[in-house]
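J.: As a plain string of letters, each chain reads:
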Amino acid sequence: MPDKRQPVVELVHLSRTFEQRGMLVKAVDDVTLAVNEGEVVCLVGESGCGKTTTGKMIAGLIRPSGGEIRYNGQDIWRMDAAQFRKYRMAVQLIHQDPYASLNPAHSVFRILSAPLLEHKIASNPQAARDRVRELLMMVDLTPPDDFLDKYPHQLSGGQRQRVSVARALTVVPSVIVADEAVSMVDVSIRVSLLNTLRKLKERLGVTYVFITHDLAVAKHFAWEGRVAVMYLGRMVEVAHTPQLVNHPQHPYTQALLSAIPEPDPRITRTKERVQLRSLDVPSLLNLPPGCSFHPRCPRFEAGLCDVMVPELMEVGTATRVACHVVTREAAHALRDGHTTSLPPAAP
Amino acid sequence: MTKTVLEVKNLWVEYPARRGVVQAVRGVSFDLCQGETLAFIGESGSGKTTLGLALVRLLPKSARVRQGNILFYQNGRVQDVLALSQEDLRQFRWRDCAMVFQGAQNSFNPVLRVESQFYDTARAHGMTGTAHVKQRAIDLLRMVQLDPNRVFRSFPHELSGGMRQRVLIALGLLLQPQVIILDEPTTALDILTQRSIIEVLRKLKKELDFSLIFISHDLSLAAELADRVATVYAGTIVEIGGVYDIFERARHPYTQALTHSVPTVTGDLRDLTSIPGSPPDLIVLPPGCAFHPRCPFATQRCKEQEPPLEPVGEGQFAACWNWREAMNKT
Amino acid sequence: MMQAQAFYARQPSFLQSLSQTLKLLARNKVGFAGFLGVLFFVFFALVLPIFVPIDNQTRMDKIYAPASWDHLLGTDFQGRDVFSQLVHGGREVLVIAFVTGAITTFLAVVFGSLSAVLGGWVDSFIMSLADLWLAIPQFPVLAVLASLVKLNNVILLALLLSLLSWPTLTRAIRSQVLSLRQRDYVEAARSLGLSTRHIIFNEIMPNMMSYIAISLIFAMTAAVYAQAGLAFLGLISFSDNNSWGVTIQLAWTKGAIFFRDSFLYIMAPVLAIALFQLSLVSFTRSLEEVFNPRLRTGV
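Residue numbers (the working numbering), protein chains in the order written: chain P, 1 to 347; chain W, 1001 to 1330; chain S, 2001 to 2299.
There may be inaccurate statements among the hints.
[As the list claims (entries may be wrong)] Restraint-style ranges between C-beta atoms, simulated for each label pair:
#1 R5/P <-> F1155/W: 48 to 58 Å
#2 R1113/W <-> Q6/P: 53 to 63 Å
#3 K1206/W <-> S47/P: 26 to 36 Å
Because the hints were derived from the structure by calculation, they are not lab data.
Model, not experiment: these values are computed from the prediction.
For glycine and all other residues, C-beta sits at the position ideal for the given N, C-alpha and C.
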């Protein structure tokens, strides 16, 4: 089903290089993705894949070294100061570490009222207090009066994360970039935090860019949305969540899905595994030529994969894959008239 | 016929903190058989790491073992770990029972090559003959799927996190211990690296017949590797049983909720439940059953009396007054 | 209305907050001893002079007299009471120490945080200036300055001392701010569109208070040594010739060390300086606890 909604945030050939020990490291390389209004898009990948840098670029906190980020069609780094400030407020970031994201010196009330008062969203401390109460209820910290005067160290990890979410909501954002927002929270309370985030989407129409290393969490949170898989700075596959989870196309996605340990002994002990050719993850400082997955890829073809960098190509309805082999097979299937939809993934 | 190698009886550990006494381990009893893998599953602050440290007596100085026995069986002899002298204790660690700590990948001495770490450990425990040690180290490195030629002469920083974790596992096995304890062996590692560690452990277990205890917050790891699983809540075992029983026929409401709170990636979307409230504070524990404030089956009795572990199935024990109600509800 | 009351009721009263601060001070025994020491010296130097008269009377019969009930610490080369000099010689020491410490810390906080937060050429400029300043040998410059200008004004001297000592502290503050600036909550504040002023004063500074307070104390100790040194060299003198440093200098130059009975005369100001410094340094141990919000709210 083609999406008729308007894109809010578009990443267009987005890149970011950093200098490290005198060498240039491509943390994010040529990422193109449109995030539609009210949508949930998950950026999934392992450490060093560039998902956090991408998230910070979306939040306007890191300047891209190539490409553009467009907000309602406009390049955010060409906005004037006032517009850019508005953009930054419209896109809020939730950090991973609930112990580092709240100022230890301030009470919950002070943390939440500062943006309200600064931007005159609340005209006086009393109005701010009422609004803070509402926000705390919105993130299920009830009764709110129990939390107003607490300091971060008096709260559990899950409660702190909820305060972080409430703080993001003070400036009424249209997009929330959640960077591993639940990964440091205990399992028993993770689900309720995810449920709170989902509820906000329904209630306030927030668009989510949900960054995680955990495909199971991505699947649970973004079942109606899309998942984009990143590997060493590049996007390798984008698809609707059920499609990606059940019929992954890119060999890396397949390997990842087959490797994930599952919290169910029957499933996890009988799962078929994709065998990789190498266990070593290449360093960002010294990326292999061609497709950066080729030294590990079970479907590697010499002379092709180690020479040309694969582009992200449409291989079916709303599925894009950056793999020479997969796109060639899809093209053949289409030419031979077998099917217009995707074949089930080869294990 | 299974032989018991480790038996823990009514172990209590506490340590003082600013606000009061942290009751980290409260009356834990269990046994471990030869060749068995036992997983301790619990959330942060459940006391599971303290339990692991107590088993090899590596508790911080301030900690106090209030009571209990840790009995270690070997060649028909019984040793009480808590009664060992310092010298015997040193021999006991590594030689009989090795522990690999959480985050230990980062605790290597950065200026020593991997080979020195092996030689030092061997020397400290009276294993002599450089050639002999080297041969054993190289065999072990191969077993954990590392290339000895590359790894043996490397410095820790030249290895990735997953490689370091595998080196540590190999190091733990150097003196052929009967029991190895792993604390969060896969935490903070990438999925594909986690997978390789899991496969390595599985293979090692098959080749060398040791017993394995691992401590983790990750239920998937238990589902992958464990023969038996113990759920730890508020410093005590609330349920223990075979891995399939725990994941499919859990009787304790906490275990039930925990196994239903984590999503799977295979298959359709399944309903997840969350546990209301927050994990308990080990300094100010609720009276009665520590789980009662978060438990859907809690009754007046649960608020007053702490339930003991009682049999709830074949080799399965749960500490819950209302496990029958909990069983019928699910 | 009810809510408004609730809002204000939660702010702790001044007394509550004072008693809590005292409790935190008492947590560290060494620090608390230091705190009491500092209090004692404040009393000794600022209150006691009201009750102990200045003794400027020359007593030819009592030159270099040993300690007695009349003269607790003996007398000096003119037969004047040493205890009285000690009581009246503390004020300058304390005032200069505090004013120098305050100005130095203020300059360091302003320059250090501007440097860290603005970065770019401001940062390069301030840091180059600090480096240049550090390259100047301070004590000789002070000595030369003291011989050019008559340094008998407490405030003028404090200003001079702080002008010479700001760079080290500025560097330290800058690196503190730089590290705090990386924190997630500062990034969140930027994202929320909070002003730079808010970020510096509300997000960064509260987490540096103990650091700043400790820096202030160390700037004070440095100032005490500098003025004692200058006085000892005879490069500064105050109206009544009353400062511990001046007392030492006079005792030294008038040859008190050759008199056995004058041991207390020469040692008393030295000990006063040493004990004051020790109190200050010990006191810093408690500051950590006072400014830690974790301890403040007493979980």
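J.: All the hints need checking, so say for each whether the structure fits it.
T.: Okay, the hints, checked on the actual structure:
1. Roughly 53 Å separates the CB atoms of R5/P and F1155/W, a value that falls within the hinted 48 to 58 Å.
2. Distance hint for R1113/W and Q6/P: a CB-CB separation of about 58 Å, consistent with the stated range 53 to 63 Å.
3. For K1206/W and S47/P, the Cβ-Cβ distance of about 30 Å falls inside the hinted range of 26 to 36 Å, so the restraint holds.
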